[in-house]
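Peer 1: Residues per chain, in single letters:
Protein chains: 2
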Amino acid sequence: MFRNNLLSSLLQDAVDELSSLPGIGRKSALRFALHLLKQPAENVERFTGTLQRMRTEIKYCSNCNMISDSGLCPICSSPSRDRSLVCVVESIRDVISIDNTGQYNGLYHVLGGIISPMDGTGPSDIAIDHLVSRVAEGSVQEVFLALSTTMEGETTSFYIFKKLNQFDVRISTIARGVGFGDDLEYTDEVTLGRSIQNRQPFVPLNK
Amino acid sequence: MFRNNLLSSLLQDAVDELSSLPGIGRKSALRFALHLLKQPAENVERFTGTLQRMRTEIKYCSNCNMISDSGLCPICSSPSRDRSLVCVVESIRDVISIDNTGQYNGLYHVLGGIISPMDGTGPSDIAIDHLVSRVAEGSVQEVFLALSTTMEGETTSFYIFKKLNQFDVRISTIARGVGFGDDLEYTDEVTLGRSIQNRQPFVPLNK
Numbered sequence: 001m002f003r004n005n006l007l008s009s010l011l012q013d014a015v016d017e018l019s020s021l022p023g024i025g026r027k028s029a030l031r032f033a034l035h036l037l038k039q040p041a042e043n044v045e046r047f048t049g050t051l052q053r054m055r056t057e058i059k060y061c062s063n064c065n066m067i068s069d070s071g072l073c074p075i076c077s078s079p080s081r082d083r084s085l086v087c088v089v090e091s092i093r094d095v096i097s098i099d100n101t102g103q104y105n106g107l108y109h110v111l112g113g114i115i116s117p118m119d120g121t122g123p124s125d126i127a128i129d130h131l132v133s134r135v136a137e138g139s140v141q142e143v144f145l146a147l148s149t150t151m152e153g154e155t156t157s158f159y160i161f162k163k164l165n166q167f168d169v170r171i172s173t174i175a176r177g178v179g180f181g182d183d184l185e186y187t188d189e190v191t192l193g194r195s196i197q198n199r200q201p202f203v204p205l206n207k
Numbered sequence: 001m002f003r004n005n006l007l008s009s010l011l012q013d014a015v016d017e018l019s020s021l022p023g024i025g026r027k028s029a030l031r032f033a034l035h036l037l038k039q040p041a042e043n044v045e046r047f048t049g050t051l052q053r054m055r056t057e058i059k060y061c062s063n064c065n066m067i068s069d070s071g072l073c074p075i076c077s078s079p080s081r082d083r084s085l086v087c088v089v090e091s092i093r094d095v096i097s098i099d100n101t102g103q104y105n106g107l108y109h110v111l112g113g114i115i116s117p118m119d120g121t122g123p124s125d126i127a128i129d130h131l132v133s134r135v136a137e138g139s140v141q142e143v144f145l146a147l148s149t150t151m152e153g154e155t156t157s158f159y160i161f162k163k164l165n166q167f168d169v170r171i172s173t174i175a176r177g178v179g180f181g182d183d184l185e186y187t188d189e190v191t192l193g194r195s196i197q198n199r200q201p202f203v204p205l206n207k
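Residue numbers (the numbering used here), protein chains in the order written: chain C, 1 to 207; chain F, 1 to 207.
Any given hint might turn out to be false.
[Claimed, not checked] Footprint (simulated), chain F over chain C, 3 or more residues, beta carbon under 8 Å:
hint, segment
1, 7-15
2, 29-35
3, 50-63
4, 85-97
[To be verified] Ranges of calculated distance between the beta carbons of each label pair, as one might list FRET restraints:
hint, chain 1, residue 1, chain 2, residue 2, range
5, F, 101, C, 172, 55 to 61 Å
6, C, 9, F, 139, 24 to 30 Å
7, F, 165, C, 56, 33 to 39 Å
[As the list claims (entries may be wrong)] Subject to a maximum C-alpha distance of 27 Å in a straight line, what follows is the list of computed DSS-like cross-link-like pairs (lysine-lysine):
hint, chain 1, residue 1, chain 2, residue 2
8, F, 162, C, 59
9, C, 27, F, 162
10, C, 59, F, 38
11, F, 163, C, 27
12, C, 38, F, 27
13, F, 38, F, 27
14, C, 27, F, 38
15, F, 59, C, 38
16, C, 27, C, 38
These aren't lab readings, by the way, just hints derived from the structure by calculation. The beta carbon of each residue, even a glycine, is placed where N, CA and C say it ideally should be.
All chains should be built: construct the whole structure from the sequences, respecting the hints.
Peer 2: Laid out in C-alpha cells, this is it:
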C-alpha cells in the first residue's frame, strides 16, 4: 500500500507494529501512527510505558489463572464470593463477560485455551490438571462449565466432566436456548429442539 | 464496562491508553491488550520501542512538511519528480492517497490543517506562508490545490488562490464530478450540475 519508500522508515516500522494488533489492517495502523505522531511526546511515552509495564509486571492468580497485580486476583481474594462454586472458562475475556452480567458470584477457573486437535491443543496444554487439583482439595461443591457451544467447547466440557466424575461435585453448564431478541424462524434446529425439550417456567423479563 | 476492580490495574491502564487511539473503544482496546499480553516480552518491547522511536526521532521535510527520516523527504529529494508542480494537501494521509494513484509526479505541500473558524484554525495556523515563500522562490509553475470539497476546503483553497494571485503561477484544483461507480440518481445536485457544465471528451476506462 505505501511500501514504496515514500514514507519515513520510522513511520513504516510503526505501521508494521500497529498492524500486528488483532483486526487492524495497514490503513488503520497508519491512522493510529499519525495520531500518535500528533500527540505530545510525554503522552506517547506514557502510552508505550504503560503497555510495556503491563507486559512485564502482570501476574497470574495462583488459584484461578486470572490476570492479577499480585498473587491472588481480586475475585479469589474477595470475601463476598461463593467459594464453593467454580466457573470454568476458556479465557480472561469470558471472565469479564460473565462477571458483567451481575448474575454470578462464585469463583472462576481460566483454562487458557480449549481442546482443539486441529490447532494441536491437547488437555495437557490447558489448565485442566490445575482444575482437578482445586476440586480434589474438597471445598468446591459445583463446577459450572461455561465454554463455547462449539465442537471444541463441547469436547473440552466432556473431557472435564469425565475427569471430575470421581469427585462428589455437581457439574453444570450454561443453559442452551434461543437468545433474547432472536427470531425462531432463523434459529437452528438443534438449538430450537433443545429449547423445546428443556422448556422453562415463564418469567416476565421485567419481573 | 469493567471498571469494577475486577481486573488488574496494569491491564486497566493499558486499556485506557489503547482506547485513546482513533476509533477504538474499550472492547477493542481490551482485545489489543490481551493480545499484547500473549506475545513474547521481546515482541512487546519492540512494539513499544518502535512507537516511541517514531515519536521522538521523526523529522519533517523542510521543503514540503511531509514526515521524513532526514531533512528532505524522499519525494522532495527524488530527481525524477517534476519540481515545477506543487500539490497542496491538508495532511500526510492525503499525500499517500494521491501518490498511490500513480497519476501524480510533482512535489507536495502539506498544510497540516485547513482553515476552520469553527475549530479556531486560521490561515496563520497552517503552512500557507511557507507555501507562498516556496512559490515566491520562482521555480514553481503550477500549484495544484487538492483539498476536501467541504466548506473549509473551499475556503482554504480560495484564501491560497488570493495569496498566490500576485505570482506568475497556474492554479489548478482536482476535477469535481460524479465518482466512478456512483449512481446518478443519488448524486447531489451541485455535483451533478457541475459535471454537466464541465463535461469531458469520452475516454473508455480500459484504454
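Peer 1: Are there three or more residues in the segment 7-15 of chain C whose C-beta lies closer than 8 Å to some C-beta of chain F?
Peer 2: With 7 residues closer than 8 Å to chain F, the segment 7-15 of chain C meets the three-residue bar; holds.
Peer 1: Checking C-beta pairs, does the segment 29-35 of chain C have three or more residues closer than 8 Å to chain F?
Peer 2: As far as the segment 29-35 of chain C goes, the hint holds, because 6 residues have Cβ atoms under 8 Å from chain F.
Peer 1: Holds or violated: residue 27 of chain C with residue 162 of chain F, Cα cutoff 27 Å?
Peer 2: Roughly 35 Å separates the two Cα atoms, so the pair is violated.
Peer 1: Using a Cβ cutoff of 8 Å, are there at least 3 residues of the segment 50-63 of chain C near chain F, or does the coverage claim fail?
Peer 2: Answer holds; 10 residues pass the 8 Å Cβ test.
Peer 1: Compare the distance between the alpha carbons of residue 38 of chain F and residue 27 of chain F with 27 Å, and conclude whether the hinted pair is satisfied.
Peer 2: It holds: about 17 Å lies between the C-alpha atoms, which stays within 27 Å.
Peer 1: Tell me if the beta carbons of residue 101 of chain F and residue 172 of chain C are separated by a distance inside 55 to 61 Å.
Peer 2: holds (60 Å)
Peer 1: Per the hint of 33 to 39 Å, is the separation of the Cβ atoms of residue 165 of chain F and residue 56 of chain C within bounds?
Peer 2: Check failed, 59 Å falls outside 33 to 39 Å.
Peer 1: Does residue 38 of chain F lie within 27 Å of residue 59 of chain C when you go C-alpha to C-alpha?
Peer 2: Given that 27 Å is the threshold and the Cα spacing comes to 12 Å, the pair holds.
Peer 1: Is the Cα-Cα distance between residue 27 of chain C and residue 38 of chain F 27 Å or less?
Peer 2: holds (24 Å)
Peer 1: Taking 27 Å as the top limit, are the C-alpha atoms of residue 38 of chain C and residue 27 of chain F close enough?
Peer 2: holds (24 Å)
Peer 1: Please verify whether residue 27 of chain C and residue 38 of chain C have alpha carbons no more than 27 Å apart.
Peer 2: Given pair residue 27 of chain C, residue 38 of chain C holds - Cα atoms ~17 Å apart, limit 27 Å.
Peer 1: Between the alpha carbons of residue 59 of chain F and residue 38 of chain C, is the straight-line distance 27 Å or under?
Peer 2: Distance ~12 Å between residue 59 of chain F and residue 38 of chain C Cα, so the pair holds.
Checked against the numbered hints given earlier, the structure breaks hints 7, 8, 9 and 11 and satisfies all the rest.
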